[in-house]
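Protein chains: 4
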Amino acid sequence: MATSSGPKTALSETIIDVWQTAITSVESNKILIRGYPVDELMGRLSFGDAVYLLLVGDMPSPTVSRIMEALLVSSIDHGAIPPSTIAARTVAGTGAPLRTAAAAGVLALGSPLGGGGSIESCMRFLNEGLAVVGDWVSYDDAARRLLDQREGTGQLPPGYGHQIHKRDPRAARLMQLAFELELEGGHTQLARAVEQELTQRRTTTSHSGGTSLNSDGAIAAVSGDLGLDAETATLLFTISRVPGLVAHALEEQRRQEATRHIDPNQHVYDGPVERHLPDMSM
Amino acid sequence: MATSSGPKTALSETIIDVWQTAITSVESNKILIRGYPVDELMGRLSFGDAVYLLLVGDMPSPTVSRIMEALLVSSIDHGAIPPSTIAARTVAGTGAPLRTAAAAGVLALGSPLGGGGSIESCMRFLNEGLAVVGDWVSYDDAARRLLDQREGTGQLPPGYGHQIHKRDPRAARLMQLAFELELEGGHTQLARAVEQELTQRRTTTSHSGGTSLNSDGAIAAVSGDLGLDAETATLLFTISRVPGLVAHALEEQRRQEATRHIDPNQHVYDGPVERHLPDMSM
Amino acid sequence: MATSSGPKTALSETIIDVWQTAITSVESNKILIRGYPVDELMGRLSFGDAVYLLLVGDMPSPTVSRIMEALLVSSIDHGAIPPSTIAARTVAGTGAPLRTAAAAGVLALGSPLGGGGSIESCMRFLNEGLAVVGDWVSYDDAARRLLDQREGTGQLPPGYGHQIHKRDPRAARLMQLAFELELEGGHTQLARAVEQELTQRRTTTSHSGGTSLNSDGAIAAVSGDLGLDAETATLLFTISRVPGLVAHALEEQRRQEATRHIDPNQHVYDGPVERHLPDMSM
Amino acid sequence: MATSSGPKTALSETIIDVWQTAITSVESNKILIRGYPVDELMGRLSFGDAVYLLLVGDMPSPTVSRIMEALLVSSIDHGAIPPSTIAARTVAGTGAPLRTAAAAGVLALGSPLGGGGSIESCMRFLNEGLAVVGDWVSYDDAARRLLDQREGTGQLPPGYGHQIHKRDPRAARLMQLAFELELEGGHTQLARAVEQELTQRRTTTSHSGGTSLNSDGAIAAVSGDLGLDAETATLLFTISRVPGLVAHALEEQRRQEATRHIDPNQHVYDGPVERHLPDMSM
Numbered sequence: 026m027a028t029s030s031g032p033k034t035a036l037s038e039t040i041i042d043v044w045q046t047a048i049t050s051v052e053s054n055k056i057l058i059r060g061y062p063v064d065e066l067m068g069r070l071s072f073g074d075a076v077y078l079l080l081v082g083d084m085p086s087p088t089v090s091r092i093m094e095a096l097l098v099s100s101i102d103h104g105a106i107p108p109s110t111i112a113a114r115t116v117a118g119t120g121a122p123l124r125t126a127a128a129a130g131v132l133a134l135g136s137p138l139g140g141g142g143s144i145e146s147c148m149r150f151l152n153e154g155l156a157v158v159g160d161w162v163s164y165d166d167a168a169r170r171l172l173d174q175r176e177g178t179g180q181l182p183p184g185y186g187h188q189i190h191k192r193d194p195r196a197a198r199l200m201q202l203a204f205e206l207e208l209e210g211g212h213t214q215l216a217r218a219v220e221q222e223l224t225q226r227r228t229t230t231s232h233s234g235g236t237s238l239n240s241d242g243a244i245a246a247v248s249g250d251l252g253l254d255a256e257t258a259t260l261l262f263t264i265s266r267v268p269g270l271v272a273h274a275l276e277e278q279r280r281q282e283a284t285r286h287i288d289p290n291q292h293v294y295d296g297p298v299e300r301h302l303p304d305m306s307m
Numbered sequence: 026m027a028t029s030s031g032p033k034t035a036l037s038e039t040i041i042d043v044w045q046t047a048i049t050s051v052e053s054n055k056i057l058i059r060g061y062p063v064d065e066l067m068g069r070l071s072f073g074d075a076v077y078l079l080l081v082g083d084m085p086s087p088t089v090s091r092i093m094e095a096l097l098v099s100s101i102d103h104g105a106i107p108p109s110t111i112a113a114r115t116v117a118g119t120g121a122p123l124r125t126a127a128a129a130g131v132l133a134l135g136s137p138l139g140g141g142g143s144i145e146s147c148m149r150f151l152n153e154g155l156a157v158v159g160d161w162v163s164y165d166d167a168a169r170r171l172l173d174q175r176e177g178t179g180q181l182p183p184g185y186g187h188q189i190h191k192r193d194p195r196a197a198r199l200m201q202l203a204f205e206l207e208l209e210g211g212h213t214q215l216a217r218a219v220e221q222e223l224t225q226r227r228t229t230t231s232h233s234g235g236t237s238l239n240s241d242g243a244i245a246a247v248s249g250d251l252g253l254d255a256e257t258a259t260l261l262f263t264i265s266r267v268p269g270l271v272a273h274a275l276e277e278q279r280r281q282e283a284t285r286h287i288d289p290n291q292h293v294y295d296g297p298v299e300r301h302l303p304d305m306s307m
Numbered sequence: 026m027a028t029s030s031g032p033k034t035a036l037s038e039t040i041i042d043v044w045q046t047a048i049t050s051v052e053s054n055k056i057l058i059r060g061y062p063v064d065e066l067m068g069r070l071s072f073g074d075a076v077y078l079l080l081v082g083d084m085p086s087p088t089v090s091r092i093m094e095a096l097l098v099s100s101i102d103h104g105a106i107p108p109s110t111i112a113a114r115t116v117a118g119t120g121a122p123l124r125t126a127a128a129a130g131v132l133a134l135g136s137p138l139g140g141g142g143s144i145e146s147c148m149r150f151l152n153e154g155l156a157v158v159g160d161w162v163s164y165d166d167a168a169r170r171l172l173d174q175r176e177g178t179g180q181l182p183p184g185y186g187h188q189i190h191k192r193d194p195r196a197a198r199l200m201q202l203a204f205e206l207e208l209e210g211g212h213t214q215l216a217r218a219v220e221q222e223l224t225q226r227r228t229t230t231s232h233s234g235g236t237s238l239n240s241d242g243a244i245a246a247v248s249g250d251l252g253l254d255a256e257t258a259t260l261l262f263t264i265s266r267v268p269g270l271v272a273h274a275l276e277e278q279r280r281q282e283a284t285r286h287i288d289p290n291q292h293v294y295d296g297p298v299e300r301h302l303p304d305m306s307m
Numbered sequence: 026m027a028t029s030s031g032p033k034t035a036l037s038e039t040i041i042d043v044w045q046t047a048i049t050s051v052e053s054n055k056i057l058i059r060g061y062p063v064d065e066l067m068g069r070l071s072f073g074d075a076v077y078l079l080l081v082g083d084m085p086s087p088t089v090s091r092i093m094e095a096l097l098v099s100s101i102d103h104g105a106i107p108p109s110t111i112a113a114r115t116v117a118g119t120g121a122p123l124r125t126a127a128a129a130g131v132l133a134l135g136s137p138l139g140g141g142g143s144i145e146s147c148m149r150f151l152n153e154g155l156a157v158v159g160d161w162v163s164y165d166d167a168a169r170r171l172l173d174q175r176e177g178t179g180q181l182p183p184g185y186g187h188q189i190h191k192r193d194p195r196a197a198r199l200m201q202l203a204f205e206l207e208l209e210g211g212h213t214q215l216a217r218a219v220e221q222e223l224t225q226r227r228t229t230t231s232h233s234g235g236t237s238l239n240s241d242g243a244i245a246a247v248s249g250d251l252g253l254d255a256e257t258a259t260l261l262f263t264i265s266r267v268p269g270l271v272a273h274a275l276e277e278q279r280r281q282e283a284t285r286h287i288d289p290n291q292h293v294y295d296g297p298v299e300r301h302l303p304d305m306s307m
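Protein chains in written order, with my numbering: chain R, 26 to 307; chain D, 26 to 307; chain F, 26 to 307; chain S, 26 to 307.
Some hints could be false.
The list treats identical chains as one, so a pair stands whether inside a single copy or across any two.
Below, in silico cross-link-like pairs of lysine to any residue (SDA-like), each with a Cα-Cα straight-line distance of 25 Å or less [what the hints assert, rightly or not]:
1) Lys55 with Phe204
2) Lys55 with Asp165
3) Lys191 with Arg175
4) Lys55 with Val43
5) Lys55 with Leu138
6) Lys55 with Lys191
7) Lys55 with Arg300
8) Lys191 with Gly68
9) Lys55 with Tyr164
Rather than coming from a laboratory, the hints here were simulated on the basis of the structure.
Given the sequences, and given the hints that come with them, work out the whole structure.
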């Protein structure tokens, strides 16, 4: 087979395009994350704070730090039902490397109907309402307008209602923390007003499931008030769920028969019975 | 086209296989992570602790909590050079959803030559040495034996040496924390003995780069002393790097021209200049 | 640790949801692909025809078969430049399984700016024009209207122009085959009219690259005339590129140094010099 | 925030590393696949032949072409049961892009227990036997030795037996074609000898399923005789299954309710009833 011979190296005479990145500087023996030496952060900064620093570019304040940790904890796992979990378990069951299984799970997150998939649409929904809130329009007014516009569609707004939870405990707790930490802004206040308006209207409707704010909705509201955009908020959700995907993939390989047929509906939980933290503050 | 008609539903008369999971219980309005209500964890537990709880099954002690956060922070990003980062940026540059880009990055982690890829082999290496440590064999003895066996291969043991860092700041800090927190066990002590022996032998060799413990090696050593297996330690690395992959994918889409040709060598860091934390303890 | 005990099996008394699929029937010793026994197809049907059968549901006619093979061949590889190829090579370079590398490459296909990414938008563009073609509006008229609407945007319509190819050889050949095989319909005729109109207008503009129909555009046009929707046409592209991703991943692991920094611009081709088929018909 | 300013471009004075690839040459208006202009291949070469050309580097002979098409057709789909199919459907059900769903499916292929996962181990098994075949050792002798060595493990050799098919129709047909096309070599002959020996021994054992050569085994045997290595053979399987993954992902999004819980056991086939090709030769 004839082959064209090519040079192994070439003295470049052209202008090379240099590109910029503002995330991490790596030199010999020195790694700066957004300017901070990583070894200085280690032992002083929590992983949650480091996530914030990496994505936002600066350190969180103490209250922002606490709500961020809570947000990341809230979505760390949701049992064996979500498509992302089933995808991760299905791939893990073939004996694939577990990181590969986790990656397959990530591919099932964030799409319109996947886990975290309504964070973005809920933030758009809230921003639409906030655009009209002002001197003459209260949060309650805006909530009514938003719901009037959707009247007759038969659909709850994005971020409201949940197949399993009539009252999503993650959403309730995240909203409570935003209040306690005095981090409430327009997004959370409008989200609450919409929830109340939905409850009132619900008495006359027959929606079977709940209508209260769900986890995606609370993440959207709290992230919006922190100044995060919808895409970044969805990525926080993605980051938070990876440990859950990893844990399920690991359990699948260690506890289940390989390449079994996984019926998502037929699992039972046999882990520790309900238990509680000793009274502690972080 | 003729079609075979099938029943829409069937009354199952067979015994259904029920399968068990011990990770998360999800009932209406109640989510228990390893037994703990998630809303109770929110605001009280850090994300790092929740990662530990999820993977290990129980709460970390305060000192284990601190080393785990440090471990997770240590690997959160390593700049624009690693293959995982380039894979994530390359996919992000096509306009793909950022979670998809992050998943592509995860696929470049953990393989023998990818990021975190020598955690597993280093832990095996250390376990091999620990198997002979005893009344008559000190850590130093074991280190010498391990290195004698590799003599002549011309290769450093897994977990030692780094292309960029002569002294990997992440490894040094993680080992220091293990010492300060009194979490040192056999793995870290043997890892240190191997490092010292390598330094002594090195004066007579001509290895261009450093021979000191690298980040993968320190993670292997510390994880080993915490009782984690090699696979779980590698998964901790995977979890810790996802925020970095996400940050790079986000920056790629927002700052760079789409589908550019990314030359990993031609980037410059233009983020914040070196800065430091105010004196603080977590 | 207390654990809740769960039943291992349960006699289901509920109605089980049965779901339907019309793709492949698998019984003991019998596999029917869209109704055809797979062992009967083997040796009689080409892989390209089987792809068509699987996606469309029926056998292609002889002329459709030929254009489909040509379409699949056209996009099988485009060298070392596309982001999908770089992503696959980058992951392969870490020592990851090659199927994993190919999957990472697939994640860089089909997005708006990735390979095959304008098939969908081009088909929408053509459909928009076809909606006005009729007794009083010729393909040329429709082409002029479509381009008039885009006047001033400074952008070529989707499916036209290519960074490297002034005249994309794949598009030219695919359109020629559609003509020879008498498979031309509205989409290809309108695509051609737009190309001609663009050429005429181009004399007065200064677009540096070419303005002729590119590979994505030709796939959109031909697929449209075959009655395929835009999503299916894009998936045909995805299927066709997988062998290319696999070939690059394989070459990366066998020929290149592991985890090298891949500069997409600095490759040279050293394969066989240009060669030609003996005169043959398929 | 202080930022370090960096140069936008730099005149490179260093020697640039140029790297080689022998797959595809892309110049303006010219694309050479392994030396052949792609537009010349279009309309003359089948997709299956192009896959062979791309992976192997040269054109297949007419008989090799036929067996390759048969091999690629054999594995194009295996219904709704394989983990890869379930992974693809699960991701598709979230509304993710279908290429993303296909990528998730690919991640479930090729692992030891995934689809195509015993091609590699079967080829090693056959090579082990072929190493002893010679003047004094027949294929039957080698088969006996191989099985004697595994006696008592209770496990069939890789590439033999199938959960569903007592006699895998794909394997039988592929072996028959290898015989008819006079492509039989050591691998297929030894594979057949092992199958016969297994059948004889089986009368005295109680293995519930079949013991005959399965699809993975036949692919390994035929590929081995074609001179392909185990990794390339497994990649051929990967390539061949992508259309199946795509078809299932597409059907999932178009026919099923989003994010449903997919029980792999509860599907029924409602596609075309069994039908047959008119007598034809490719």
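Status of the hints after comparison with the structure:
In this assembly of identical chains, the alpha carbons of lysine 55 and phenylalanine 204 lie at most 25 Å apart only when taken from different copies (22 Å versus 40 Å within one copy). For the identical chains of this complex, lysine 55 and aspartate 165 are neighbours neither inside a copy (52 Å) nor across copies (29 Å), given an alpha-carbon limit of 25 Å. Taking the closest pair of Cα atoms, lysine 191 and arginine 175 come within 25 Å of each other only inside a single copy of the chain (21 Å); across copies the shortest separation is 49 Å, beyond that limit. Taking the closest pair of Cα atoms, lysine 55 and valine 43 come within 25 Å of each other only inside a single copy of the chain (21 Å); across copies the shortest separation is 29 Å, beyond that limit.
Taking the shortest Cα distances, lysine 55 and leucine 138 sit within 25 Å of each other only across copies (22 Å), while inside one copy they are farther apart (42 Å). For the homomeric pair lysine 55 and lysine 191, the shortest alpha-carbon distance between copies (10 Å) is at most 25 Å, but the shortest distance inside one copy (50 Å) is not. In this assembly of identical chains, the alpha carbons of lysine 55 and arginine 300 lie at most 25 Å apart only when taken from different copies (13 Å versus 43 Å within one copy). For a Cα distance limit of 25 Å, the shortest separation of lysine 191 from glycine 68 across copies, 22 Å, qualifies, whereas the shortest one inside one copy, 40 Å, does not.
Taking CA atoms no more than 25 Å apart as the test, lysine 55 paired with tyrosine 164 passes in neither setting, with 49 Å inside one copy and 30 Å between copies.
Going down the numbered hints, you'll see the structure goes against 2 and 9, while the others check out.
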